[in-house]
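Residue numbers (UniProt numbering), protein chains in the order written: chain A, 1 to 261; chain B, 1 to 219; chain C, 1 to 221.
One or more of the hints may lead you astray.
With a straight-line cut-off of 30 Å between C-alpha atoms, the simulated DSSO-like cross-links for lysine-lysine are [stated by the list, open to error]:
id : chain 1 : residue 1 : chain 2 : residue 2
1  : B       : K175      : C       : K84
2  : A       : K110      : B       : K145
3  : B       : K145      : C       : K17
4  : C       : K84       : C       : K56
Simulated from the structure, these hints should not be mistaken for laboratory data. This one's a predicted model, so the numbers in the text were calculated from it and none came from an experiment.
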Amino acid sequence: MNPLIEFQGFNKFFGQHQVLKDVDLAVQAGEVVVILGPSGCGKSTLLRCLNGLEEAQGGSLRLDGQELLGPDTDWRQVRQRVGMVFQSYHLFGHMSVIDNLLLGPLKVQKRERHEAQAQAEALLARVGLLDKRDAFPRQLSGGQQQRIAIVRSLCMNPQVMLFDEVTAALDPEMVKEVLQVIQGLAREGMTLLIVTHEMAFARAVADRIVFMEAGRILEQNHPERFFTQPQTARAQQFLEKFSFVESLPKTLSKPLHKELS
Amino acid sequence: MASSGIELLLVSLPQLAMGAGQTLAISALGILFATLGGVLYGVLATLGSRWLNILLQVYLELFRAIPVLVWLYLVFFGLPIFFGLSIPSFWCAVLVLGLWGASEVGEVVRGALQSLPRGQREAGLSIGLGGWQLYAYVLLPQALKRMTPPTINIYTRIIKTSSLAVLIGVVEVIKAGQQIIERTYESVLIYGALFLFFFLVCYPLSAASRVLERRWAHA
Amino acid sequence: MSFDTAFMLSTLPAFFKAVGVTLQVGAIAIATSLLVALLNATILVLRTPYLWRLVKGYVELARNTPLLIQLFFVYFALPSLGVKVSGFAAAIITLTFMGGAYLTEVLRAGVEAVPRAQLESGRSIGLSEGQLLRHVILPQAGILSLPALFANFVFLLKETTVVSAVAVPEILYTTKNYIALYYKTYEMLAVLTLLCVLIFLPLSLLLRYLERRLQHGQFGH
Numbered sequence: 001m002n003p004l005i006e007f008q009g010f011n012k013f014f015g016q017h018q019v020l021k022d023v024d025l026a027v028q029a030g031e032v033v034v035i036l037g038p039s040g041c042g043k044s045t046l047l048r049c050l051n052g053l054e055e056a057q058g059g060s061l062r063l064d065g066q067e068l069l070g071p072d073t074d075w076r077q078v079r080q081r082v083g084m085v086f087q088s089y090h091l092f093g094h095m096s097v098i099d100n101l102l103l104g105p106l107k108v109q110k111r112e113r114h115e116a117q118a119q120a121e122a123l124l125a126r127v128g129l130l131d132k133r134d135a136f137p138r139q140l141s142g143g144q145q146q147r148i149a150i151v152r153s154l155c156m157n158p159q160v161m162l163f164d165e166v167t168a169a170l171d172p173e174m175v176k177e178v179l180q181v182i183q184g185l186a187r188e189g190m191t192l193l194i195v196t197h198e199m200a201f202a203r204a205v206a207d208r209i210v211f212m213e214a215g216r217i218l219e220q221n222h223p224e225r226f227f228t229q230p231q232t233a234r235a236q237q238f239l240e241k242f243s244f245v246e247s248l249p250k251t252l253s254k255p256l257h258k259e260l261s
Numbered sequence: 001m002a003s004s005g006i007e008l009l010l011v012s013l014p015q016l017a018m019g020a021g022q023t024l025a026i027s028a029l030g031i032l033f034a035t036l037g038g039v040l041y042g043v044l045a046t047l048g049s050r051w052l053n054i055l056l057q058v059y060l061e062l063f064r065a066i067p068v069l070v071w072l073y074l075v076f077f078g079l080p081i082f083f084g085l086s087i088p089s090f091w092c093a094v095l096v097l098g099l100w101g102a103s104e105v106g107e108v109v110r111g112a113l114q115s116l117p118r119g120q121r122e123a124g125l126s127i128g129l130g131g132w133q134l135y136a137y138v139l140l141p142q143a144l145k146r147m148t149p150p151t152i153n154i155y156t157r158i159i160k161t162s163s164l165a166v167l168i169g170v171v172e173v174i175k176a177g178q179q180i181i182e183r184t185y186e187s188v189l190i191y192g193a194l195f196l197f198f199f200l201v202c203y204p205l206s207a208a209s210r211v212l213e214r215r216w217a218h219a
Numbered sequence: 001m002s003f004d005t006a007f008m009l010s011t012l013p014a015f016f017k018a019v020g021v022t023l024q025v026g027a028i029a030i031a032t033s034l035l036v037a038l039l040n041a042t043i044l045v046l047r048t049p050y051l052w053r054l055v056k057g058y059v060e061l062a063r064n065t066p067l068l069i070q071l072f073f074v075y076f077a078l079p080s081l082g083v084k085v086s087g088f089a090a091a092i093i094t095l096t097f098m099g100g101a102y103l104t105e106v107l108r109a110g111v112e113a114v115p116r117a118q119l120e121s122g123r124s125i126g127l128s129e130g131q132l133l134r135h136v137i138l139p140q141a142g143i144l145s146l147p148a149l150f151a152n153f154v155f156l157l158k159e160t161t162v163v164s165a166v167a168v169p170e171i172l173y174t175t176k177n178y179i180a181l182y183y184k185t186y187e188m189l190a191v192l193t194l195l196c197v198l199i200f201l202p203l204s205l206l207l208r209y210l211e212r213r214l215q216h217g218q219f220g221h
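Please model the entire structure based on the sequences and the hints provided.
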């Protein structure tokens, strides 16, 4: 089976600085791929290239067999098939929730209003926010805004969804509600590319973990194998930083009986 | 004396009103072109094209460095001899006010667009909006609140500056006033009336701009 | 159409003088405007009874009427009230009338832009109101309003071209005069444009640089 997304020898520079180096990555339809790596390793840039928000310099990038790195690529077409959700949600502040959701379907895809609206409302209901249909973004919590942003992308009926650190700007108590929505999409068989720092979530949701550092893919593995037996020293160090808090003893003070005596 | 003054004003009112009509017509057309041109300037300036930005910068600096009155003379005397174009002084004034206003409004629009978070542009692109759709549905509506108060201020400047048209021979409200003064020698009364006319047009605009600015300060 | 370079050069001494007049009118007007503005801004900040309203009214009147009408009023209407003024005096009076109002707004905005927390922390270390004004508010307000002040200086200097309408022999009046006398229109327009670019463009660019350095500033026109 041909992969849905295929990066080959993919390179990207910011000025002199090379942020992606010979990236090879293939994602099958229905696969959930989580990209991990330290800050600045190029994982977000990789997602943004797939959406045409960054321009690549060299290599190849195919979506469903179609080469995207050419002058003839109609990125407006591509972006309708590749949904993207951002760290800071970026809802359109001057529009109500429902108008945010309908802008793409009506203006870009020229769909019938009643059909698009029915879909938008069904999706809103699914993420538990149908009652916020006419609210404005500033009236909503971060977690609510992020769920709306996910629905905004879903309303375009994309083939792939890209999640770029979508919980990083959220207060801890709101992370769960957003992750649950993503997990739901994964279960339904949607193709997902996820950049995140939520390790437990990555482990639970991923079909495959891709570990990047300094613009390269160092390791690709099944999540259980990646988290229990990482193949590279870099990945091991990376995981140790995250396991530090978890492996702390439950209380740092002296044992109770000693204090009493 | 007082009653004769009021009588005089009443008698000269039609003539003043005709002149005022011309002043308002020049101003309105100038404002129209300044607004359309300014939005175009603002959009072009935020496309990220280097050559376009240099071009716009030159245009802006020319209108900032050379006073409007000098532009009026350059166009009024210059168009006929450099381009063999003879356009009525009324349209010279509209042209200069429009071009000058467009550079001023354009800078305001550019600033307002640039103050929007970058993510708004990216979010718009990511749902497949095309260039003009992005500006029409996402960027310009959100920039509107920020750009409206200063733009209204520019409108009052255009109205005030339209008075300079009298110096290239447009028969507008000042010229009408001067003609009445030539007949009646009532210069204090007539210039007082002119003061009042401009104040009544400009003050509400200035006040509106201030109110909107305060109301939208946190938008 | 030929370009009469020799004629152009022959007018240079006259234009040299004209530039002097432009700069002189501009400099005097800026200085007097600043004096008027300092006085007015003090009245506004201290909310001096009655005077405060008077200043407000003056600022609104001056800002919402054209310079040309202010100028014609002083030059053509005041004489019929028994006050005769020369073109030069009319120019200074009018530019001061307008400039004073703009600069008043700039200075007031500068004082208002000083964060309230500054006043509170000044009081908290026991400064008197006078000391607070002198050591805390004014120095910061001065810096905050610097770009806007400078912008208005440049604006006033450019507005001096308007006083050509009452025969003050500055650059625009001199240009018009030569065009009327000798019909050397394009030579004179070329000189005028060149002078504007030489005098105003550097100031305009310097202003842009200042604004970028001090990201504050509100424009009084």
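Cross-check of the supplied hints:
Using a Cα cut-off of 30 Å, the hinted pair K175(B) and K84(C) holds, with the two alpha carbons roughly 22 Å apart. Of the pairs offered as hints, the one joining K110(A) and K145(B) holds, with about 29 Å between alpha carbons and a cut-off of 30 Å not exceeded. Between the alpha carbons of K145(B) and K17(C) the distance comes to roughly 47 Å, so the proposed pair goes past 30 Å and is violated. About 28 Å separates the Cα atoms of K84(C) and K56(C), which keeps this hinted pair within 30 Å; it holds.
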